[in-house]
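There are 6 protein chains.
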Amino acid sequence: MFLPRGILAEKLLWVLAEDLGQGDVTTALVVPSRAKAEARVIAKEAGVAAGIEEAEVLLDALELGFKAYVGDGADVMPWQTLLEISGDARTILSVERTLLNLISRMSGIATATRRIVEKIKSSGYKARVACTRKTAPGLMYFDKKAVLVGGGDPHRLHLDDMLLIKDNHVVFAGGVENAVKIAREKASFSKKIEVEVSNLGDVLAAAKAGADIIMLDNFSPNMVDEAINLLRKEGFLGKVLVEVSGRITAENVIDFASRGVDIISLGEITHSVKAFDVSLEIIKQ
Amino acid sequence: MFLPRGILAEKLLWVLAEDLGQGDVTTALVVPSRAKAEARVIAKEAGVAAGIEEAEVLLDALELGFKAYVGDGADVMPWQTLLEISGDARTILSVERTLLNLISRMSGIATATRRIVEKIKSSGYKARVACTRKTAPGLMYFDKKAVLVGGGDPHRLHLDDMLLIKDNHVVFAGGVENAVKIAREKASFSKKIEVEVSNLGDVLAAAKAGADIIMLDNFSPNMVDEAINLLRKEGFLGKVLVEVSGRITAENVIDFASRGVDIISLGEITHSVKAFDVSLEIIKQ
Amino acid sequence: MFLPRGILAEKLLWVLAEDLGQGDVTTALVVPSRAKAEARVIAKEAGVAAGIEEAEVLLDALELGFKAYVGDGADVMPWQTLLEISGDARTILSVERTLLNLISRMSGIATATRRIVEKIKSSGYKARVACTRKTAPGLMYFDKKAVLVGGGDPHRLHLDDMLLIKDNHVVFAGGVENAVKIAREKASFSKKIEVEVSNLGDVLAAAKAGADIIMLDNFSPNMVDEAINLLRKEGFLGKVLVEVSGRITAENVIDFASRGVDIISLGEITHSVKAFDVSLEIIKQ
Amino acid sequence: MFLPRGILAEKLLWVLAEDLGQGDVTTALVVPSRAKAEARVIAKEAGVAAGIEEAEVLLDALELGFKAYVGDGADVMPWQTLLEISGDARTILSVERTLLNLISRMSGIATATRRIVEKIKSSGYKARVACTRKTAPGLMYFDKKAVLVGGGDPHRLHLDDMLLIKDNHVVFAGGVENAVKIAREKASFSKKIEVEVSNLGDVLAAAKAGADIIMLDNFSPNMVDEAINLLRKEGFLGKVLVEVSGRITAENVIDFASRGVDIISLGEITHSVKAFDVSLEIIKQ
Amino acid sequence: MFLPRGILAEKLLWVLAEDLGQGDVTTALVVPSRAKAEARVIAKEAGVAAGIEEAEVLLDALELGFKAYVGDGADVMPWQTLLEISGDARTILSVERTLLNLISRMSGIATATRRIVEKIKSSGYKARVACTRKTAPGLMYFDKKAVLVGGGDPHRLHLDDMLLIKDNHVVFAGGVENAVKIAREKASFSKKIEVEVSNLGDVLAAAKAGADIIMLDNFSPNMVDEAINLLRKEGFLGKVLVEVSGRITAENVIDFASRGVDIISLGEITHSVKAFDVSLEIIKQ
Amino acid sequence: MFLPRGILAEKLLWVLAEDLGQGDVTTALVVPSRAKAEARVIAKEAGVAAGIEEAEVLLDALELGFKAYVGDGADVMPWQTLLEISGDARTILSVERTLLNLISRMSGIATATRRIVEKIKSSGYKARVACTRKTAPGLMYFDKKAVLVGGGDPHRLHLDDMLLIKDNHVVFAGGVENAVKIAREKASFSKKIEVEVSNLGDVLAAAKAGADIIMLDNFSPNMVDEAINLLRKEGFLGKVLVEVSGRITAENVIDFASRGVDIISLGEITHSVKAFDVSLEIIKQ
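Protein chains in written order, with my numbering: chain F, 98 to 382; chain G, 98 to 382; chain W, 98 to 382; chain U, 98 to 382; chain D, 98 to 382; chain V, 98 to 382.
Chain F on its own, in the form it takes in the complex (with noise of 0.2 angstroms):
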């Protein structure tokens, strides 16, 4: 997911013209127009940094200049400075908040999806952690870069990059066993195909029809076993990689990554974040 510097600028120029409206009316009076400053912008709990580079480059777009302490994905501490930005007093603080909702949108998705990677880890377990397209509105882009930050793997980018044949899909294809024949017939050979399944039979019709992908979509951990179990038998395992997803949480993770499953996908993770606090501290005018 790397955006050069000047495609991403655009991006979040937009995110901050909401903020802006027709101009801070605070900082116009308040403010002298040619002050300068200096600021810091620094944690206030310990987690993993996210939004540095959209940082900068927003910094960047707006001539301000800036130091970074920490790299995205670094593991901070609480009072620990993450940047140091100077420039044009006014300008820092019409895009104090802007950049504070980046970073602690992004950081907060980015020590959640951490934290699950590192239990997961410690465990023992091979299974990688991925997000969903649950994200909020429109910011696909940069709750799935922060996932990537926080070690998490950000599955689809958007309904482009691979087929992922869904309940609803099936619906209309007469069956799973169907939609993956389809699928793997018509689709571009640059493409994997997933399907979500709900019961055992799908799973290995899936698997005989093609599928790279099985979602084990709503299994209770031992449903997952009796899948695994089925495409170990059938010879499938190792061949299509099995997903888990569906009611799984920070808590339960470890119930499922101990069935030997490759991907785990939780939506929480990017649709019910929990901001990381940070914040811009004026050092110097």
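Please keep in mind that the hints were generated in silico from the structure rather than gathered at the bench.
Hints may be right or wrong, so weigh each one.
Put simply, identical chains are the same to the list, so a pair is met inside one copy or across any two.
[Said to hold, decoys possible] The calculated DSS-like cross-link candidates involving lysine-lysine, where the alpha carbons are at most 27 angstroms apart (straight line), are:
1. Lys336 with Lys283
2. Lys381 with Lys141
3. Lys218 with Lys278
4. Lys278 with Lys133
5. Lys133 with Lys263
6. Lys330 with Lys263
7. Lys141 with Lys305
8. Lys263 with Lys223
9. Lys218 with Lys381
10. Lys164 with Lys141
11. Lys336 with Lys164
12. Lys283 with Lys133
13. Lys218 with Lys108
14. Lys223 with Lys283
15. Lys108 with Lys283
16. Lys330 with Lys305
17. Lys283 with Lys381
18. Lys278 with Lys263
Model, not experiment: these values are computed from the prediction.
Position chains G, W, U, D and V against the provided structure of chain F, taking the given hints into account.
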């Protein structure tokens, strides 16, 4: 925050476009090109519906039929149908996730807001619940609209609609008193002036200098008491509004409401949203 | 109304793009491709300079050098140099008209505003001069910024930053009193509430219902007197602001100011602008 | 200047969006959410209607009903109804000001243009009245369309549709003659070539070098006479068009028209517009 | 590559807007303002129709009526009617060229693609025909859609949907083997990994390192044979896909197809398009 | 067709953004994040370079260093270096294809145009070579700019810069003569009037009615002769320009040029472009 549908549609199509990229490759292959469908959007938990108007506008812009079973702000029960949708099957499946992401985030915000509003109201206090500008980046419109739906106060809609002099502004104005004086002298008559204070001395200075609203930032409940008493003694109570902000949560909100403040603002209702669980089911093809 | 330069630049490049179409065909053929030039923007009449900041941001976005000889709000004399510009000759000639149109319109507005402001001030009255939303379509930012530069009050910046209940709203609320009551009850604490009234009865009803500002619409100076006296008698003077609007011009403005109103709003300073005469001259190639 | 409605609608929605910001807060609170209304747009003075097509397209894009009582270019009387509008009351009130600003500016331009056109025509002269690129910034489309509606000539629509060699271009080409020669040699056959001249010598040089149109810039009426005579003597009259420009107003225009020029261009009809007085009244709810 | 019509319409109106500039001046003057027309879009040569869906969406966005006589992918004969259009005459004439340009380019691409696909199929080979990212700048959506209509494989839709490690990437990773290893370790499970190789040694290294697809770049048919044999011998055939690319044309494609490759990608079907001849004729006014 | 760099950059970033989608996933994983690179853009065949200015502006917008070894319009040889680029390696690799697509298409157009221009010139004829509006959809700027670089005439830049009355317009005006008369009467003095004719009778009618340019559409060379003779006999030659269009190719162009026409327009130079072969090579990391 009324937007004519033609204007709101543009915002919503932009959100959808991010998810689509070059197009939905799954739907294109698995769902026949002229297939029709009917679908229901169903709540999976109890809460307050929001995003219904946005859903209607988006569906309308995509030439899909729809019938809303609840309006924004309605209390909904698990398994309650929110919307019925009909029309081109590929279009319904392509917009499914964007639609659910909107309703899910907005209903999550409205639900959390309503709970706090009700908690205060049922305890007999007058304080209004307000959100801040700590929203998901670029989603200030949707997040604030959802707060309104939940019975909260949207506070500033962006940086141009009220003067809110924060600690970092005060640094440049040489103190709270001076900052408020400058604002009072130069600001448009059409705008209110709010100032953030961090100690009792500044509370009185702010009131005397002519602030319309005083934000007690990170005050403990006892300090809030003292501030209110001071304002009462000096004859400012009822003339200035008192807002409390900082480290207030659904848990401790009554501690603040009981002190007689006018407004309680909480970052968490927009920066740490818990998604409302909602899904779309095909009911007929 | 402070906008960081990166945000303002986008607005200005959009304006320039309309004039360019597929490109400047004259300059492309008549001016050599690497030619350098120096130019001066010169006032051709006396007035108040505005649009200087906008000019700087636009020139900077085009990588042209510049030096401003006056700031926004400066009184300028005929033949006075406002700006010096240097750099790529083709770029200077392609932006010439857009640049002059901006300075010309904004200085025209600032000049007219300043004249009225000075007239009132020199007569010893307190009334502020405000503009309305009667701007050139889509140019609310530039027109209101120019009013501010001229010493006027920008009034609402758009439909989201104050409640202004006009005659057409009153129709739907069943009278002025009811309209103000509804607004007072439901509006965000962060917004002022203004109401337009057309008779003395409504003046008092509006004040009692809690309006922050009362706009006397199309009142004659004598009717204004009566309204002010009524408000004084009932103890509202000093608590509500009084705005007069409708058929007020630079000629009759003192008739209104002398009655003790707080704000005088005039449509003509933005809807019937007299362009300020300004030109660009090449001084060196 | 025909634009299909779908394209024009995008321009108009953009204008409306600026005024709305995060939404109309007054209408949202004071007008019930499903209220219907009927309204009339009424002229308050005599003049030439313009902006009617734009109004129709904007209303249509907002799904409001409308009936135009006059077409663009119609002579209207005070109190004459221009348009009737029906539909969602909140939408009507939210678009009211944008709609009136469009009609008011465009009708103001059309009215001023028509007066000058009629003055010349009734005096029996052939000269066409043209506008310049001195429009409100970014409003070249609307301003030039209004000139056309008023019976004027829109002149260049932007920098790409004719070569107009101005004094600042001549500086780089080493004289008028050389500039025209270069243009004649290199320009697309599809474009006319006009050149601005400031003395009689250049008039002849321009004609000989092959200019299609010669603009006499800041010539007095007597100098215009001399230029015309010179062109007649040398056999260029009827082959090149003669445009006069600079310091021409509605007052002195006949002085120029009477000299037999082909085109008279005036900046004031677009840069110093007097708004046409128009208002919207709710007639039924 | 399914896009809901509302999203596709925006792309198409953008294309139309470029052609319109400030509006169609010919149509505005020569065609009466309320004139109606019926028109036919007619093929002038044999080929494969494409761009029909795009035409429908564009016409619909302009409120024109239409009836498609063929669908995308249909074989058409000279003089066959593709579409009938009815409605506002000015709108039809203003969109004529944009509409034809879309159909002409897309049908040209589909026709060329189909010919190569049929050539391979009729010779009994399995190889798929794919395009590359060598499209007209900014037209990747339309060009790839046309390839799909012609029976080809669209390959990557942009840079985010598959890893394709090209020679210039390999430079930074220290060899093909290492590049694939890094990708295999870090890439999302949702993406395939393809690598471009230029010699036989790298073919095997790529397969061993875990590439999903190996692109033989600029291999002669005989070198392709060797690569396939090597992969077969090492047991990779059937597990990795083999793509050939570079200097392959409609003429020599069978030479490559006959070697048993899976995918043949050709730049020429999108970078050197021969326009399909199509015209619009007014049939009734 | 001069566009200041800030305006051109926006067009180019838009093109790049389509290719990037949510970001370059290959580069992000395989190329280290702070790696620097130097690269060369190299011609792989002989032709005329175009797109060099566009490349410079795009590279500059991405903060990459560059040095152009040739200018637009230069004759280049196989293996000749066009540009050297230096800077952030990931950015260079992400923009590689967009950059090459621009240069490849534009140089392809310029090369084809130059060959036809030279063919006519070396045969001693005066006819100019013009393109049409038959470009790739949405790429009129780039395609026409490339024609200009190749020595051709860009013809109309869009629908607003000349009147070109085509057969479909004539239908609505009741004949060629009437169509030209209407245009002559109503069109802006700033625009030329061209009319397309399909028989000898209309040639004369068009000339008499005042057309500036007559386009002989699908005339055989002999019919062109007759048309020219007719115009000569009636004294119009030298007063109107004669353009031939329709079924003219690089092969038969001399047949038309030799008849003494002024302009020869060919669709194929923009609608059926043969890409110019160009590649980017990393030379140093």
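Hint check:
Within a single copy, Lys336 and Lys283 get their C-alpha atoms as close as 21 angstroms, and across copies as close as 19 angstroms, so both meet the 27 angstroms cut-off. With identical chains, the CA atoms of Lys381 and Lys141 are at most 27 angstroms apart within one copy only, with a shortest distance of 20 angstroms there and 43 angstroms across copies. Taking CA atoms no more than 27 angstroms apart as the test, Lys218 paired with Lys278 passes between copies only; the shortest distance there is 21 angstroms, against 35 angstroms inside one copy. In the homo-oligomer, the alpha carbons of Lys278 and Lys133 lie at most 27 angstroms apart only across protomers (22 angstroms), although the nearest pairing inside one protomer, at 64 angstroms, exceeds that limit.
Taking the shortest alpha-carbon separations for Lys133 and Lys263, only the inter-copy value of 17 angstroms comes in at or below 27 angstroms, while the best intra-copy value is 54 angstroms. With identical chains, the CA atoms of Lys330 and Lys263 are at most 27 angstroms apart within one copy only, with a shortest distance of 25 angstroms there and 39 angstroms across copies. Neither within a single protomer nor between protomers do Lys141 and Lys305 lie at most 27 angstroms apart by alpha-carbon distance, with minima of 52 angstroms and 33 angstroms respectively. For the identical chains of this complex, Lys263 and Lys223 are intra-copy neighbours only, at 25 angstroms inside a copy versus 29 angstroms across copies, given an alpha-carbon limit of 27 angstroms.
In this assembly of identical chains, the alpha carbons of Lys218 and Lys381 never lie at most 27 angstroms apart, being 43 angstroms within a copy and 39 angstroms across copies at closest. In this assembly of identical chains, Lys164 and Lys141 lie within 27 angstroms of each other by CA distance solely inside one copy; the values are 19 angstroms within and 43 angstroms between copies. Taking the shortest Cα distances, Lys336 and Lys164 never come within 27 angstroms of each other, neither inside one copy (46 angstroms) nor across copies (45 angstroms). In the homo-oligomer, the alpha carbons of Lys283 and Lys133 lie at most 27 angstroms apart only across protomers (22 angstroms), although the nearest pairing inside one protomer, at 60 angstroms, exceeds that limit.
With identical chains, the CA atoms of Lys218 and Lys108 are never at most 27 angstroms apart, being 34 angstroms at best within one copy and 41 angstroms at best between copies. In this assembly of identical chains, Lys223 and Lys283 lie within 27 angstroms of each other by CA distance solely across copies; the values are 14 angstroms between and 32 angstroms within a copy. In this assembly of identical chains, the alpha carbons of Lys108 and Lys283 lie at most 27 angstroms apart only when taken from different copies (26 angstroms versus 34 angstroms within one copy). In this homomeric assembly, Lys330 and Lys305 come within 27 angstroms of each other (Cα to Cα) both inside a single copy, at 13 angstroms, and across copies, at 26 angstroms.
Taking the shortest Cα distances, Lys283 and Lys381 sit within 27 angstroms of each other only across copies (25 angstroms), while inside one copy they are farther apart (62 angstroms). For the identical chains of this complex, Lys278 and Lys263 are intra-copy neighbours only, at 14 angstroms inside a copy versus 31 angstroms across copies, given an alpha-carbon limit of 27 angstroms.
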